[in-house]
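Guided by the hints, dock chain C onto chain G, whose structure is given.
Residue numbers (our numbering), protein chains in the order written: chain G, 86 to 186; chain C, 89 to 672.
Since the hints were made in silico from the structure, they are not lab data. Hints are not guaranteed to be accurate.
[What the hints assert, rightly or not] Here are the simulated DSSO-like cross-link-like pairs (lysine-lysine), alpha carbons at most 27 Å apart as the crow flies:
id, chain 1, residue 1, chain 2, residue 2
1, C, K265, C, K349
2, C, K154, C, K349
3, G, K131, C, K203
4, C, K226, C, K154
5, C, K465, C, K414
6, G, K131, G, K115
7, G, K115, C, K226
8, C, K349, C, K157
9, G, K115, C, K203
10, C, K465, G, K115
11, C, K497, C, K459
12, C, K226, C, K349
[Stated by the list, open to error] Taking CB as the label site, the calculated pair distances span:
id, chain 1, residue 1, chain 2, residue 2, range
13, C, Q461, G, E151, 27 to 33 Å
14, C, T308, G, C169, 52 to 58 Å
15, G, G149, C, P447, 30 to 36 Å
16, G, K131, C, P447, 54 to 60 Å
17, G, V93, C, S498, 49 to 55 Å
Ideal placement from N, C-alpha and C gives every residue a C-beta, glycine not left out.
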Amino acid sequence: MPATLRIVKSVVVANPPMGLHLRPATAFAKLVRGLKCNVTLSHGEKRADGRSAFDLLGLLAPPGTELLLEIEGEDAERAVEPLCEILTGEGELSDTPGPLS
Amino acid sequence: MEIRRGIAVSPGVAIGPALVLDTEGILIPIRSVSTQEVDGEVRRLRAALAEASHLAQEKQRTLSAKLGKEIADIFAAHAGLYEDPILVRDAEALIRANNYSAEYAVSRAVRAIMKRLDAAGSSPLATRLQADFVDLEKQLLILLQGASGQPLSAITEPIIVLAHDLTPSETAILDPKTVHALATESGGATSHTAIMAGALEIPAVVGVGRFLSDISGGDTVIVDGYQGLLILDPDAETLQRYMELRFRDQTTSGLHQVFQKNIPAETKDGVRLHLFGNIEFPGEARHCLDRGADGVGLYRTEFLYVNKSVDPTEEEHFQAYQTVLKELGPDRPVVIRTLDLGGDKFVGMTGLTHHEKNPFLGLRSVRLCLKNQPMFKTQLRAILRASVYGDLRIMFPMVSTAMELRQCKSILREVQEDLEEARIPFKSDIPIGTMIEVPSAAIMADVLARQVDFFSIGTNDLVQYTLAADRNNETVADLYNAADPSILRLLQTVIRAANTAEIDVTICGEMSGEPMYMQLLLGLGVRQFSATPRKIPELKRIVRQLCLADAERVAHEALQLETAREVTSYLREQLRRILPDAPD
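Pulled out of the complex, with its shape left as it was, chain G reads as follows (with noise of 0.2 Å):
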């Protein structure tokens, strides 16, 4: 039986101009589902269920702001990487404001 790996790591979110923001969060909380980990995230006090993007959402983190990132389970290693992904996209001509949404 393999030790329960669990991994802490800071993150800086990106995906400007908005953050993590309802794409994001979505995306974010729909790969969660699909591993077999806890994960939290949390903005100082505040922690969100990973699996849920209402709950990741209520951060409200705009670009620029560092959340902690704690996963804790059996596919914790390979979670990290596509997760981080998510949080520091590059955003995309969708997340500005203006027709480019």
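Just chain C now, with coordinates in the frame of chain G:
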């Protein structure tokens, strides 16, 4: 008659009966169910969530064909939210613990999440999310109530939709065939409503402030999406004026567009003119191309500042500019106008918080940029960085003296040096231009011409400043007239100065979208016009009927006239000679 001012977010004019949407949205009575019904409510809840998710995915599919994948993806994200474990858990818990109905539980659960956003204070992100959550709640309630469909999808008669605010879903199902315009009390130029209205090309004005209590459904209203006006109970004269405007709009679209797109804007005697589009949002670049524009003659960059509590970042500027340049490609120029904030534009923004007694004669536009150099430099850096993606040109607005122009250029040089030092690529030979829209600049045009590569004449401000008349002030609005002989003389001075110095001169104010002025301007020596993209096909049609020699005669004659009224009637007569079906 009552004229209300808002933010013009989608151009066009519409006249019609008002459809007033409930200010409160859908009201949910507090309702509890008996203990035996609880399981049934939970089932209803789950079914509604599944259905909502399914509908959102469907909407995503249909909208991606209609509006492109990026807008449609908003609904893919919505679909994800309906499956959110916390929403499901919380709503179910509310039903089980309190015997709530599914409707009430949904409403409570969503509002609890919104409250958390509220508590964190306002930010662009929070505002955006609030709108999405309101939408989400509404969708679920409609499904749960088995409502007889949304009011907006049941419209069959042409109407103008008036509402406090519209959710993205509501705006997205609007059919331009029946919904001829939108006006909302709240909202800003970057709200989803504004974006969707623009993409659907439905004239729209948002941020009008409270007006719903002053109007009942069925009243005739006018929405002027060019000037951002909502006119309640219009008088006969105003109605007439807007009916003409609307007629002209309609004739410009449709047939002409298809027919004119791929032929050059050339006069009968072979003079090639350039017709550019004025844009505000990057998405409008496509509208320019669709209508066969030769480029973007005026890219207003203020939209980046609307609804923002903090200044946009260099990256936000850059992304927007890069998008437009890539869309236009290497052969079509894109003239980016640096920030023109102040006056009537977004007063109360960063750096504009102090009160001015006379904002139009105050710290606006390039004056504000010169006072707030970090802001100015951020934009210039982004513009320079974007220059490698196409044929970019920089233009400074509201320049009133040669000194200001020198300052702008020296700041631009500083930014160029910074970029060189940081080894960030940019084009070193970007053409630099100035707007001519202050009478002092027009008078000094020969001097200014030596400092720049092109002029762009902004007739709106030039007319207002020359005649000292605010066109939004009804009592003096009749003085505001581009046909005034004083304006013709100033135009002649500026165009001559440009032609003598062999630099380009473009007309980019509303005057250039007016068919009546085409001959005059051509005759005065203008070869480039920049107007709202949707005007381009009609302008091209007119250009192809013009003759340089005739136009020069028309310009010469017009300059002899003494009043705006004489000029107008003369130019109309001349237009009718070449286009017998031209509107009065």
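Here's how the hints hold up against the structure:
no.: 1; hint: C:K265 with C:K349; in the structure: holds (23 Å)
no.: 2; hint: C:K154 with C:K349; in the structure: holds (21 Å)
no.: 3; hint: G:K131 with C:K203; in the structure: holds (14 Å)
no.: 4; hint: C:K226 with C:K154; in the structure: holds (23 Å)
no.: 5; hint: C:K465 with C:K414; in the structure: holds (23 Å)
no.: 6; hint: G:K131 with G:K115; in the structure: holds (21 Å)
no.: 7; hint: G:K115 with C:K226; in the structure: holds (23 Å)
no.: 8; hint: C:K349 with C:K157; in the structure: holds (25 Å)
no.: 9; hint: G:K115 with C:K203; in the structure: holds (24 Å)
no.: 10; hint: C:K465 with G:K115; in the structure: violated (40 Å)
no.: 11; hint: C:K497 with C:K459; in the structure: holds (15 Å)
no.: 12; hint: C:K226 with C:K349; in the structure: violated (42 Å)
no.: 13; hint: C:Q461 with G:E151: 27 to 33 Å; in the structure: holds (30 Å)
no.: 14; hint: C:T308 with G:C169: 52 to 58 Å; in the structure: holds (57 Å)
no.: 15; hint: G:G149 with C:P447: 30 to 36 Å; in the structure: holds (33 Å)
no.: 16; hint: G:K131 with C:P447: 54 to 60 Å; in the structure: violated (41 Å)
no.: 17; hint: G:V93 with C:S498: 49 to 55 Å; in the structure: holds (50 Å)
In the structure shown, a violation is registered for the earlier hints numbered 10, 12, 16, in ascending order.
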